[in-house]
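Produce the complete structure using the sequences and hints provided.
Spelled out from the first residue to the last, the chains are:
Protein chains: 2
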Amino acid sequence: MPIHYPNGNAYAAPKQSSAPRKHPNVLYGGRGMTLEDELNNANMYYLQRGRAVVYKKPTPIQIVKVDYPARSKAVIREAYFKTPSTTDYNGVYEGRYLDFEAKETKNKASFPLKNFHPHQIEHMRACLTQNGICFVVIRFATLHRLFVYPATPLITAWDEQTHGGRKSITLAEIEQHGFELTPGIEPTVPYLDGVDWLLKKAGTQRGEQE
Amino acid sequence: MPIHYPNGNAYAAPKQSSAPRKHPNVLYGGRGMTLEDELNNANMYYLQRGRAVVYKKPTPIQIVKVDYPARSKAVIREAYFKTPSTTDYNGVYEGRYLDFEAKETKNKASFPLKNFHPHQIEHMRACLTQNGICFVVIRFATLHRLFVYPATPLITAWDEQTHGGRKSITLAEIEQHGFELTPGIEPTVPYLDGVDWLLKKAGTQRGEQE
Numbered sequence: 001m002p003i004h005y006p007n008g009n010a011y012a013a014p015k016q017s018s019a020p021r022k023h024p025n026v027l028y029g030g031r032g033m034t035l036e037d038e039l040n041n042a043n044m045y046y047l048q049r050g051r052a053v054v055y056k057k058p059t060p061i062q063i064v065k066v067d068y069p070a071r072s073k074a075v076i077r078e079a080y081f082k083t084p085s086t087t088d089y090n091g092v093y094e095g096r097y098l099d100f101e102a103k104e105t106k107n108k109a110s111f112p113l114k115n116f117h118p119h120q121i122e123h124m125r126a127c128l129t130q131n132g133i134c135f136v137v138i139r140f141a142t143l144h145r146l147f148v149y150p151a152t153p154l155i156t157a158w159d160e161q162t163h164g165g166r167k168s169i170t171l172a173e174i175e176q177h178g179f180e181l182t183p184g185i186e187p188t189v190p191y192l193d194g195v196d197w198l199l200k201k202a203g204t205q206r207g208e209q210e
Numbered sequence: 001m002p003i004h005y006p007n008g009n010a011y012a013a014p015k016q017s018s019a020p021r022k023h024p025n026v027l028y029g030g031r032g033m034t035l036e037d038e039l040n041n042a043n044m045y046y047l048q049r050g051r052a053v054v055y056k057k058p059t060p061i062q063i064v065k066v067d068y069p070a071r072s073k074a075v076i077r078e079a080y081f082k083t084p085s086t087t088d089y090n091g092v093y094e095g096r097y098l099d100f101e102a103k104e105t106k107n108k109a110s111f112p113l114k115n116f117h118p119h120q121i122e123h124m125r126a127c128l129t130q131n132g133i134c135f136v137v138i139r140f141a142t143l144h145r146l147f148v149y150p151a152t153p154l155i156t157a158w159d160e161q162t163h164g165g166r167k168s169i170t171l172a173e174i175e176q177h178g179f180e181l182t183p184g185i186e187p188t189v190p191y192l193d194g195v196d197w198l199l200k201k202a203g204t205q206r207g208e209q210e
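Keeping their order, the protein sequence lines are chains Y and E.
In this text, residue positions in the first sequence follow the UniProt record's numbering: the first is 1, and each later residue adds one.
In this text, residue positions in the second sequence follow the UniProt record's numbering: the first is 1, and each later residue adds one.
Please note that a few of the clues may not be correct.
Which copy? The list can't say, so a pair holds if one copy fits it or any two copies do.
Claimed, not checked - With a Cα cut of at most 30 angstroms, we get these calculated DSBU-like pairs of lysine-lysine:
1) 65 - 200
2) 57 - 103
3) 103 - 114
4) 73 - 200
5) 82 - 200
6) 103 - 56
7) 73 - 114
Treat the hints as calculated values from the structure; they're not laboratory data.
These numbers were taken from a predicted model, which means no experiment stands behind them.
Shown next as structure tokens:
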């Protein structure tokens, strides 16, 4: 997240697939791509195969001034970043509503909760109440490990933090309550594997037999 | 829709609730508000009451140049409107994925299909395949009539049009295959009534008893 605007939110700039990566010499599926690039590719992959319809939401912008030059496209000349009200990704998978956020950390032992904004947590809480499938795709960039972490334990950790609890989720907790994705060739971030795991777990908790 | 950018798409400008309306002297629920305003209010209403979590997606923008003035917010100085890949609204309602577009016409007898872009139709087609709940909220502004029209007959009309069929859907067809919303005081556009109708209809078609 190279750019932050003054309210502290990260600005997800239009990514170049040629953007320098932290570990250019490490060989793995999505090298040279940000997590956002890889998720967008996964979304296109799933869309083309009819498996799911998921998109990243555009960055919300407050437009103040637009020019309309003759014979060319409208140009936005003054605009400001707005704080998003929701998570970045949502869509539909076999009739179910999916809602997720993607986060990366260079930490090796824990994931800092400051990566989330309060409204993102509240949005996930509201979506869970509506029986949506909510989670975070967390990448430990240094470890090259990738998890689908359900919103429920994330919200628990968040609520504990606001009452003086720890300011991060340990990797051990993520291993225990999350689903580790095995990076593939295509898609490199096969997050629907984690969704299938979540749906199976939810079914089991409702007392269904596996 | 006061502004169109050169690819023909309407630009949904940041609306002012004081924006002049076509019929300032007509008394009804959402007077002085655009359909977009009213849908945003309905979404807030449903969210606050825990009934559904639905948001309008931000307008997609391609950012080219950003200034970072000292001690003030980042300013976007050059950016362009991009064609959206999807419909404008989506979210979750009792575990089901909702996806819809909102369109207004001044016509009195039919709704022109040119109000849709091909990618919006393709998006709805893909969402239906995933068993999402897809529809359009259509307002006949002059008639003060408001409908939830399911994506299925819309896509049928679209496909017929591409094979030389009519370029619009008649009001009679919309009355027959859609659900007319009764404008309320709050929300003024109670579109979940139409979603309940759609869900009930889908259940009946699956052979369930009412």
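Status of the hints after comparison with the structure:
With identical chains, the CA atoms of residue 65 and residue 200 are never at most 30 angstroms apart, being 49 angstroms at best within one copy and 45 angstroms at best between copies. For the homomeric pair residue 57 and residue 103, the shortest alpha-carbon distances inside one copy (15 angstroms) and between copies (21 angstroms) are both at most 30 angstroms. Taking the shortest alpha-carbon separations for residue 103 and residue 114, only the intra-copy value of 11 angstroms comes in at or below 30 angstroms, while the best inter-copy value is 39 angstroms. When the C-alpha separation of residue 73 and residue 200 is checked against a cutoff of 30 angstroms, the pair qualifies neither within a copy, at 49 angstroms, nor between copies, at 45 angstroms.
Taking the closest pair of Cα atoms, residue 82 and residue 200 never come within 30 angstroms of each other, the shortest separation being 37 angstroms inside a single copy and 38 angstroms across copies. Both within a single protomer and between protomers do residue 103 and residue 56 lie at most 30 angstroms apart by alpha-carbon distance, with minima of 13 angstroms and 23 angstroms respectively. Within a single copy, residue 73 and residue 114 get their C-alpha atoms only as close as 39 angstroms, which misses the 30 angstroms cut-off; across copies the closest is 21 angstroms, which meets it.
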